[in-house]
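Participant: Chain residues, written in single-letter form:
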Amino acid sequence: MQYTDIVCPFCGCLCDDLEVTIKDGHIESVKNACTISQSKFMNHHENRINAPSINGKETELEKTVEKAVEILASARRPLIYGLSSTECGAISKAVEIAEFTGGVLDNTSSVCHGPTILALQQVGESKTTLGEVKNRADLVVFWGSNPTEAHLRHIVRYSVTPKGMYVQEGKKDRKIFVVDVRETRTAKMADKFLKIDHNKDFELLLALRALIRGEELKASQIAGVPIKEIKTLAEEMMKAKFGVVFFGLGLTQSDGRHMNIDAAVGLVSELNRKTKFVLTPMRGHYNVAGANTVTTWQTGYPYAVDFSTGYPRYNPGEFTAIDVLNRGEADAALIIASDPGATFPKDAAKHLAQIPVITLDQKTTPTTMLSEVVIPVATAGIEAEGTAYRMDGVPLKLSKFIDAREGVCSDREVLDMIIAGLKEAKQ
Amino acid sequence: MTLVIKNGYVYDPLKGINGEQKDIFIKEGKIVEETSEKDAKIIDAEGKTVMPGGVDLHSHIAGSKINIGRLLRPEDHRKDVVKRGKNTRGGVGYSCPSTFITGYRYAEMGYTSVMEAAMPPIGARHVHEELNDTPIIDKAAFTLFGNNYFTLKYVKEGDIEKLKAFIAWLLKATRGYAVKIVNAGGVENWKWGHNVSGLDGKVEDYDITPRQIIKMLAQANEELGLPHTIHLHCNNLGMPGNYKITRETMDTLKEIKPKKGRSATVHVVHCQFNALAGDNWMNVKSGAPYIAKYVNNHDHVTLDLGQVIFTDTTTMTGDGPWQFALWNMTGNKWVNSDVEMEAGAGVVPYTFKKNNPANSVQWGIGLELALSVKDPWKIYMTTDHPNGGPFIYYPQVIAWLMSRQARTDTMRELNRACLKRTGLSNLYREYSFNDIAIVTRAGTAKALGLTEKGHLGVGADGDVAIYDIDPTSWRPSQYDKLIKTFAKTSYTIKNGEIVVKDGEVVSAPMGTTHWVDAKMPQEIEEELMKDLERDFKQYYTVSLKNYPVEDEYLPIQKIHKAGGGQ
Numbered sequence: 001m002q003y004t005d006i007v008c009p010f011c012g013c014l015c016d017d018l019e020v021t022i023k024d025g026h027i028e029s030v031k032n033a034c035t036i037s038q039s040k041f042m043n044h045h046e047n048r049i050n051a052p053s054i055n056g057k058e059t060e061l062e063k064t065v066e067k068a069v070e071i072l073a074s075a076r077r078p079l080i081y082g083l084s085s086t087e088c089g090a091i092s093k094a095v096e097i098a099e100f101t102g103g104v105l106d107n108t109s110s111v112c113h114g115p116t117i118l119a120l121q122q123v124g125e126s127k128t129t130l131g132e133v134k135n136r137a138d139l140v141v142f143w144g145s146n147p148t149e150a151h152l153r154h155i156v157r158y159s160v161t162p163k164g165m166y167v168q169e170g171k172k173d174r175k176i177f178v179v180d181v182r183e184t185r186t187a188k189m190a191d192k193f194l195k196i197d198h199n200k201d202f203e204l205l206l207a208l209r210a211l212i213r214g215e216e217l218k219a220s221q222i223a224g225v226p227i228k229e230i231k232t233l234a235e236e237m238m239k240a241k242f243g244v245v246f247f248g249l250g251l252t253q254s255d256g257r258h259m260n261i262d263a264a265v266g267l268v269s270e271l272n273r274k275t276k277f278v279l280t281p282m283r284g285h286y287n288v289a290g291a292n293t294v295t296t297w298q299t300g301y302p303y304a305v306d307f308s309t310g311y312p313r314y315n316p317g318e319f320t321a322i323d324v325l326n327r328g329e330a331d332a333a334l335i336i337a338s339d340p341g342a343t344f345p346k347d348a349a350k351h352l353a354q355i356p357v358i359t360l361d362q363k364t365t366p367t368t369m370l371s372e373v374v375i376p377v378a379t380a381g382i383e384a385e386g387t388a389y390r391m392d393g394v395p396l397k398l399s400k401f402i403d404a405r406e407g408v409c410s411d412r413e414v415l416d417m418i419i420a421g422l423k424e425a426k427q
Numbered sequence: 428m429t430l431v432i433k434n435g436y437v438y439d440p441l442k443g444i445n446g447e448q449k450d451i452f453i454k455e456g457k458i459v460e461e462t463s464e465k466d467a468k469i470i471d472a473e474g475k476t477v478m479p480g481g482v483d484l485h486s487h488i489a490g491s492k493i494n495i496g497r498l499l500r501p502e503d504h505r506k507d508v509v510k511r512g513k514n515t516r517g518g519v520g521y522s523c524p525s526t527f528i529t530g531y532r533y534a535e536m537g538y539t540s541v542m543e544a545a546m547p548p549i550g551a552r553h554v555h556e557e558l559n560d561t562p563i564i565d566k567a568a569f570t571l572f573g574n575n576y577f578t579l580k581y582v583k584e585g586d587i588e589k590l591k592a593f594i595a596w597l598l599k600a601t602r603g604y605a606v607k608i609v610n611a612g613g614v615e616n617w618k619w620g621h622n623v624s625g626l627d628g629k630v631e632d633y634d635i636t637p638r639q640i641i642k643m644l645a646q647a648n649e650e651l652g653l654p655h656t657i658h659l660h661c662n663n664l665g666m667p668g669n670y671k672i673t674r675e676t677m678d679t680l681k682e683i684k685p686k687k688g689r690s691a692t693v694h695v696v697h698c699q700f701n702a703l704a705g706d707n708w709m710n711v712k713s714g715a716p717y718i719a720k721y722v723n724n725h726d727h728v729t730l731d732l733g734q735v736i737f738t739d740t741t742t743m744t745g746d747g748p749w750q751f752a753l754w755n756m757t758g759n760k761w762v763n764s765d766v767e768m769e770a771g772a773g774v775v776p777y778t779f780k781k782n783n784p785a786n787s788v789q790w791g792i793g794l795e796l797a798l799s800v801k802d803p804w805k806i807y808m809t810t811d812h813p814n815g816g817p818f819i820y821y822p823q824v825i826a827w828l829m830s831r832q833a834r835t836d837t838m839r840e841l842n843r844a845c846l847k848r849t850g851l852s853n854l855y856r857e858y859s860f861n862d863i864a865i866v867t868r869a870g871t872a873k874a875l876g877l878t879e880k881g882h883l884g885v886g887a888d889g890d891v892a893i894y895d896i897d898p899t900s901w902r903p904s905q906y907d908k909l910i911k912t913f914a915k916t917s918y919t920i921k922n923g924e925i926v927v928k929d930g931e932v933v934s935a936p937m938g939t940t941h942w943v944d945a946k947m948p949q950e951i952e953e954e955l956m957k958d959l960e961r962d963f964k965q966y967y968t969v970s971l972k973n974y975p976v977e978d979e980y981l982p983i984q985k986i987h988k989a990g991g992g993q
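Chains as they are written, first to last, in this note's numbering: chain A, 1 to 427; chain B, 428 to 993.
Just to be clear, a hint being listed does not mean it is correct.
As the list claims (entries may be wrong) - Computed cross-link-like contacts, DSSO-like style, restricted to lysine-lysine with a CA-CA straight-line distance of at most 30 Å: (1) B:583 / B:972; (2) A:31 / B:465; (3) A:163 / B:964; (4) B:928 / A:426; (5) A:172 / B:964; (6) B:760 / A:231; (7) B:580 / A:274.
To be clear, the hints were calculated from the coordinates, so they are not data collected in a lab.
Construct all of the structure, not just a fragment, from the sequences and the given hints.
Facilitator: This is the structure in structure tokens:
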């Protein structure tokens, strides 16, 4: 059985041209996928959690759901976290659980592009869906982002090599700049690489903005970049018919954080007074944009939402998962499609290990190992369908083309059972 | 369930019922002639006002644009929070309400149907996902066409049949209800950072004009026999002096032959923003008399107000270059959001201030339009939520329309520019309850071609609003009472079910999403598909197969058939 136009559930690119061949209920081959995607598809059945378990003892799904309900219903401040690697239906249910239990809801953007959102809330942004980049962009700047190693097909599908409506020669018609602290593989293919000192992005962004406003700069170098190179970039930016900045965690998670993005937005907005310019964050997990999107339409806020007062409150730094754990506030946790046990700072992970944790995942992870309740789930985009939002906000439907192992439900179905249980427990 | 609403003063303008005391019967979700009162739930509406459920024909409630607004404005949410209730979800309100709250609050005001006015096609799934999370109300979304690559291409080629086939296809692919046009050609030019100048300005890469785009879309719309006319956001929105282009746009559409059974060929949206006279924002004045005069003399135009409310709100349109201009004027935060091949959008927070001369003039223009267009069937009440102000202020607008004293009392607090540069103070007209029923439900339902809405005739949807006000004893001096009454119904009934009682949501069922399935001859469709297949592959970043919205996104849908191929 062959399926075409399959959407890849790995990174924020959501490439939708995969061809998957199924034989005897297994994936035999995947065409058009990048190497990471290949690996996700071909190994999706490896290292799967055998069965639902409570305290490491295998049991039935119903029992684990009951236990999950018991934990959540008696918790005073449960943390519901993860969500960026599942589909929107599950995210929606997670919001409902957080609201119902008066808990704290957070998704993984609090540890990646959270600062991007904070900057947006301060100053806005000028953005586009990726097709306009493909069709029009004659200047592409990768700033603190490295698609050749993180978003493998970004370059061929959207930003560098594709031939577009007004960029008919593809890469030949585009100028590529890379700004980074080291010469990455993306930098190697660029027309020009600006090597910047660590934690100096803010200065360089402001210098560029000043040049674009026509200010004279007296410094001979800024952020370790010779002024001549900065001037060249500023001129190229103004000369471009359609320019774009793709930025990554190199900008959001270095010193300055949201102020870096604030400066980048300011630079791009300023450029719109001269020409056309946009910027786009390189979102990592395939549906982290969806986690922000769904949470926003349901609560008004993209992440770090607290429901303890009955209505949603937003305060990154206070209601973000790491902070709630660091303060030792969460007395239970529901983790969906994420592995905070492996990725969180020591103190946060330590507290997580001390409280009852319910984890929904496909595979064994450090988080499932510290969890009281573990519920194996189907892989969205392979064994379960749903919606995901691309890094630029384009919604696509994920397909289901093979069945999950018998008795294994999707995230959405399991969360629905928990909601039903919680409602019953309340009555 | 069977419902009988007894003895209310009924306003059902489409059926010619003007405040008569009358019983209304609802059975299995529909209005019926009469039904046995045995086993029926009786609602005593003695001394109360009964109207069909409200139908808002232009609001921004779902999709990427409003969600950008929500994301952009935590400060907006914090002043209006909503706790979770027994039957209801929590959330936030004010200018960018969360989806659940949008549904509840419309229902609390007696509205049972709301149209999302601008759906970017590639983001259609997003719109429908949000609509599914917007409880109680029925809804539909208008698909953006005015800057779509295929529209521009077929206009350039002068191929009306392919344009019709494309409209039919895209409405189906996006599950859209109407053809929306925003700043025709201007948003395409904005992809290079420019706008289009005037109705005969050049759409750069296509060598066509906004006039050609609008005309051809209107013609295609009428030939396809779509239930609603084109839904048009004119060029030059927000630019003083733009009443001229608005009038010219309307005039260019008077030769279009309307669909059988109606006289309108265009609905001009949030007309206040396009009825500005003067040369700049310093000397802006009302162009309402010119627009009103034109509309009074022609039957092919309908309008909605886009009434300004004095508050902090969030502007959001599909008009990227206008939002850019507004950012440059205000320095507030600015989001621009271009959509490949088809559309764009922008979002800028804005505060309408009473002491700001231009804002006071804009406020006056909206009401001046409403009061100088003589026939209420041609002009409808909106705030272009949230552009002119949040929809929760509709009761305030009703008060201004129904009470000259309410207008005068507000005008006293305003910059005097309103007195000098609009004709509002000389207008003595006051809307009746019947007029209000027209501009908030009967007229809008009629303009939309929603034949089962906006009235209480047999077979209509069982959507009813009951307001606690006695129209026989109310006087315009009591406008405060109106504001209270129209904010919270005694009862809102949706499909025969009581959803709001005494101003509180008691049940929150899911409403229906309406969309239009227009048929075209198969051979033209096949020709179109060849174009789509080729151009999608070359220019889009999603495949043609992954583009159309699947049925799962519309759990409760109603399909309205239309078509030039039948």
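Participant: Decide, hint by hint, whether the structure agrees.
Facilitator: Do the hints match the structure? See the list:
1. B:583 / B:972: Answer holds: residue 583 of chain B to residue 972 of chain B is near 26 Å, not above 30 Å.
2. A:31 / B:465: 66 Å, violated
3. A:163 / B:964: 11 Å, holds
4. B:928 / A:426: Given that 30 Å is the threshold and the Cα spacing comes to 25 Å, the pair holds.
5. A:172 / B:964: Between residue 172 of chain A and residue 964 of chain B the Cα gap is close to 20 Å, so the pair holds against 30 Å.
6. B:760 / A:231: 27 Å, holds
7. B:580 / A:274: Roughly 28 Å separates the two Cα atoms, so the pair holds.
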